[in-house]
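2 protein chains.
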Amino acid sequence: MKQYSIKDIAKLCNVSTATVSRVINNNGRFSEKTRQKVLDVIEQTGYKIDNNARSLRTNITFTIGILVPDIKNPFFADLVQKIEELLFTKNYSTIICNTDKNEQKEKAYLRMLENKKVDGIIVISGSYQHGFKFQSSLKEIPYICIDREPENFHNTVFISSNHYQGALDATNYLFQKGAKSPVVVVKKVSSSIKSRIDGFKESLKNHSLKFAKSRHELKLQSQSSFAKFLQKNPSTDSLFAVDDGIAMELLKYLKNLGYQVPQQIQVVGFDDVPAANIVTPKLTTIQQNTRKIAQTAVTSMMHAINKQNEKGSQFLIPTKLIIRETTK
Amino acid sequence: MKQYSIKDIAKLCNVSTATVSRVINNNGRFSEKTRQKVLDVIEQTGYKIDNNARSLRTNITFTIGILVPDIKNPFFADLVQKIEELLFTKNYSTIICNTDKNEQKEKAYLRMLENKKVDGIIVISGSYQHGFKFQSSLKEIPYICIDREPENFHNTVFISSNHYQGALDATNYLFQKGAKSPVVVVKKVSSSIKSRIDGFKESLKNHSLKFAKSRHELKLQSQSSFAKFLQKNPSTDSLFAVDDGIAMELLKYLKNLGYQVPQQIQVVGFDDVPAANIVTPKLTTIQQNTRKIAQTAVTSMMHAINKQNEKGSQFLIPTKLIIRETTK
Numbered sequence: 001m002k003q004y005s006i007k008d009i010a011k012l013c014n015v016s017t018a019t020v021s022r023v024i025n026n027n028g029r030f031s032e033k034t035r036q037k038v039l040d041v042i043e044q045t046g047y048k049i050d051n052n053a054r055s056l057r058t059n060i061t062f063t064i065g066i067l068v069p070d071i072k073n074p075f076f077a078d079l080v081q082k083i084e085e086l087l088f089t090k091n092y093s094t095i096i097c098n099t100d101k102n103e104q105k106e107k108a109y110l111r112m113l114e115n116k117k118v119d120g121i122i123v124i125s126g127s128y129q130h131g132f133k134f135q136s137s138l139k140e141i142p143y144i145c146i147d148r149e150p151e152n153f154h155n156t157v158f159i160s161s162n163h164y165q166g167a168l169d170a171t172n173y174l175f176q177k178g179a180k181s182p183v184v185v186v187k188k189v190s191s192s193i194k195s196r197i198d199g200f201k202e203s204l205k206n207h208s209l210k211f212a213k214s215r216h217e218l219k220l221q222s223q224s225s226f227a228k229f230l231q232k233n234p235s236t237d238s239l240f241a242v243d244d245g246i247a248m249e250l251l252k253y254l255k256n257l258g259y260q261v262p263q264q265i266q267v268v269g270f271d272d273v274p275a276a277n278i279v280t281p282k283l284t285t286i287q288q289n290t291r292k293i294a295q296t297a298v299t300s301m302m303h304a305i306n307k308q309n310e311k312g313s314q315f316l317i318p319t320k321l322i323i324r325e326t327t328k
Numbered sequence: 001m002k003q004y005s006i007k008d009i010a011k012l013c014n015v016s017t018a019t020v021s022r023v024i025n026n027n028g029r030f031s032e033k034t035r036q037k038v039l040d041v042i043e044q045t046g047y048k049i050d051n052n053a054r055s056l057r058t059n060i061t062f063t064i065g066i067l068v069p070d071i072k073n074p075f076f077a078d079l080v081q082k083i084e085e086l087l088f089t090k091n092y093s094t095i096i097c098n099t100d101k102n103e104q105k106e107k108a109y110l111r112m113l114e115n116k117k118v119d120g121i122i123v124i125s126g127s128y129q130h131g132f133k134f135q136s137s138l139k140e141i142p143y144i145c146i147d148r149e150p151e152n153f154h155n156t157v158f159i160s161s162n163h164y165q166g167a168l169d170a171t172n173y174l175f176q177k178g179a180k181s182p183v184v185v186v187k188k189v190s191s192s193i194k195s196r197i198d199g200f201k202e203s204l205k206n207h208s209l210k211f212a213k214s215r216h217e218l219k220l221q222s223q224s225s226f227a228k229f230l231q232k233n234p235s236t237d238s239l240f241a242v243d244d245g246i247a248m249e250l251l252k253y254l255k256n257l258g259y260q261v262p263q264q265i266q267v268v269g270f271d272d273v274p275a276a277n278i279v280t281p282k283l284t285t286i287q288q289n290t291r292k293i294a295q296t297a298v299t300s301m302m303h304a305i306n307k308q309n310e311k312g313s314q315f316l317i318p319t320k321l322i323i324r325e326t327t328k
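Quick mapping for you: the protein sequence lines, in order, are chains A and B. Counting with full-length UniProt numbering, you get residues 1 to 328 for the letters of the first sequence. Counting with full-length UniProt numbering, you get residues 1 to 328 for the letters of the second sequence.
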């Protein structure tokens, strides 16, 4: 009786050896039809699952973990969904973990992903204070950082929108539309938000305005504190909100306080979440290219898994100004 | 030398045996401080990890899988986030899987969750056409269905908003505000959407209107097909959209077509997504109690894991009418 190998089985089934491995290990993606065909051929040939096929099990699980700080944030949800979709076309399943911007949770989820033997981890954003330290004791798991500055750029691939350029474009546009005294509005500061603030500052500099924190930066807390800021700084004529959530909160406050947008105060956001096109007036904002970010992350992950070393690479994805109704 | 048990270690560390087990197996949630303490005590006592502690590893992984059809849907994202939060307080990590309403994906993810040895699975909504068949070969994994009618109610716990009552309340309110000729607007039909349509029909019946599909139900496709429907049925004075996404699409079309909301046409949605409070006019809608749904799911899951049989139970969670500006 011929001794069949996994390659023979794959040939007889007209599928790849990876697919045969997935069926044997009941892991990853394959159709019921493929599954049945492979199992039939295995039975007909009397193929014994050898160590080679088994060893595939311990090495590769066809699963990728994603750490996301807040799945309720529409920008993150969109990005995660696009990554998942792309990974699935490459036969990988995605484990999504919501870390709540909580360091303890992040550690617990990293430990879990390690235990679940994922083939790679994609880390999206997260807390600014804590650098991403990843120490795997089980096997070396490659990881990709999106919008999260790693402690050591040499160990990973870093992918991010060009937040700096996007913020620069947004603020330049406000000046172009007559702004004389723009304010950047923030809440929590992450590494990507920091870049957006830097882009804002650069635009001020280019327009011969000296950045003064008390005058040009507002940490948004409530409608009343916002009203106080406007009273104290009556020349404020434009706001660059570092994300669309903040921008929409500002639109609500401005409406309540009786300000006309964009006639009295112009507003620009960042992210282009679906609601940006729904609010009245519709929000002018900076669109991130989530499809491109997702594609870059998945391509880099596949390279990392296949040991095509890209470590140390950084990808800056261009953004796009979307002009709507909150600017003149 | 005294032979220490896992109980002794737990006592010495002033933590539960479950925590000691988690540290030993490097699974689930614990602080670095706890980890260090447990490892220190193990070293000091010379405790040998016995079969008892090891067996915990094969039986329990402190992970729960969630299948969600579309993480970009704000209602689902909110629900998943709340479940994750509650599970984490109970020391469980959550694996979120986005199934894209795709049967093949759903199967692949169920297989993955089985391979990852999750302790339970929470299935949220999904395709209507395919009943949820779950056959685990590895171990019997308990599962809970939210908004997804199982093929066999005896094998699971079924949790859902009272979609029927919510739709009845919404439509009754339209009648109360003068509607004479309401239309239910749908896109895809899932089991929960079917209940909402049934509630709408019941309200018509209670108001002596005979439901005629061509007159009282619209499958929304585009602005032009919507415009045609209104031309053909000029007495249409109110729309019950089976979800807020559809409601907001209708608001956009009505604005483009020059209709006044609510003066000429009233609109009610369902779900109360964050954008419902942002659109102009603000959307009257039915609020689902996501916190209560999440709590019920997590409690049921803990019972199922602890073999406190609740199989066959059904929980219907009440909804709430939120009156805003799209109704008179």
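Think of the hints as simulated: they come from the structure by calculation, not from any bench. Each residue gets a CB set at the ideal place from its N, CA and C atoms; glycine is no exception. Hints are not guaranteed to be accurate.
[What the hints assert, rightly or not] To spell it out: a stretch of chain A is covered by chain B in this simulated footprint if at least three of its residues, at any positions, have a beta carbon under 8 Å from a beta carbon of chain B; those stretches are:
no., segment
1, 159-165
2, 181-192
[Stated by the list, open to error] Simulated crosslink set (DSBU-like; lysine-lysine; CA at most 35 Å straight-line):
no., chain 1, residue 1, chain 2, residue 2
3, A, 187, A, 37
4, B, 107, A, 282
5, A, 117, A, 307
6, B, 72, A, 255
7, B, 7, A, 107
8, A, 37, B, 107
9, A, 320, B, 210
10, A, 101, A, 201
11, B, 194, B, 219
12, A, 105, B, 219
13, B, 177, A, 82
[Said to hold, decoys possible] If you want a taste of the chain B side facing chain A, the calculated C-beta under 10 Å gives, among others:
no., residue
14, 12
15, 30
16, 65
17, 70
18, 78
19, 81
20, 112
21, 119
22, 180
23, 280
query: Minimum Cβ distance from residue 280 (chain B) to chain A below 10 Å?
result: Cβ of residue 280 (chain B) sits 4 Å from chain A, so the hint holds.
Supplied contact hint for residue 65 (chain B), tested at 10 Å Cβ to chain A: Nearest chain A Cβ about 9 Å off; hint holds.
message: Just to be careful: measuring from the Cβ of residue 70 (chain B) to every Cβ in chain A, is the smallest value less than 10 Å?
response: holds (8 Å)
Hint check: 10 Å Cβ-Cβ cutoff, residue 78 (chain B) to chain A: holds (6 Å)
message: For a C-alpha distance cap of 35 Å, please report whether residue 72 (chain B) and residue 255 (chain A) respect it.
response: holds (28 Å)
- request: Decide if the proposed pair is consistent with the structure: residue 194 (chain B) and residue 219 (chain B), CA atoms, cutoff 35 Å inclusive.
  value: The given pair, whose Cα atoms are some 13 Å apart, holds under the 35 Å limit.
- prompt: Holds or violated: is there a CB of chain A closer than 10 Å to the CB of residue 12 (chain B)?
  reply: violated (23 Å)
- request: Report holds or violated for the interface hint on residue 30 (chain B), using the least CB-CB distance to chain A and a cut-off of 10 Å.
  value: Where the cut-off is 10 Å and the nearest Cβ of chain A is about 8 Å from residue 30 (chain B), the hint holds.
query: Has the given pair, residue 101 (chain A) with residue 201 (chain A), been kept, meaning a C-alpha gap of at most 35 Å?
result: holds (27 Å)
- prompt: Is it true that the CA of residue 7 (chain B) sits at most 35 Å from the CA of residue 107 (chain A)?
  reply: holds (26 Å)
query: Taking 8 Å as the C-beta cutoff, is the stated coverage of the segment 159-165 of chain A by chain B satisfied by three or more residues?
result: violated (count 0)
query: Does residue 112 (chain B) meet its interface restraint, that is, does its C-beta lie within less than 10 Å of any C-beta in chain A?
result: Holds. Min distance 4 Å.
Of the numbered hints stated above, those contradicted by the structure are hints 1, 2, 3, 4, 9, 12, 13, 14, 21, 22, listed in ascending order.
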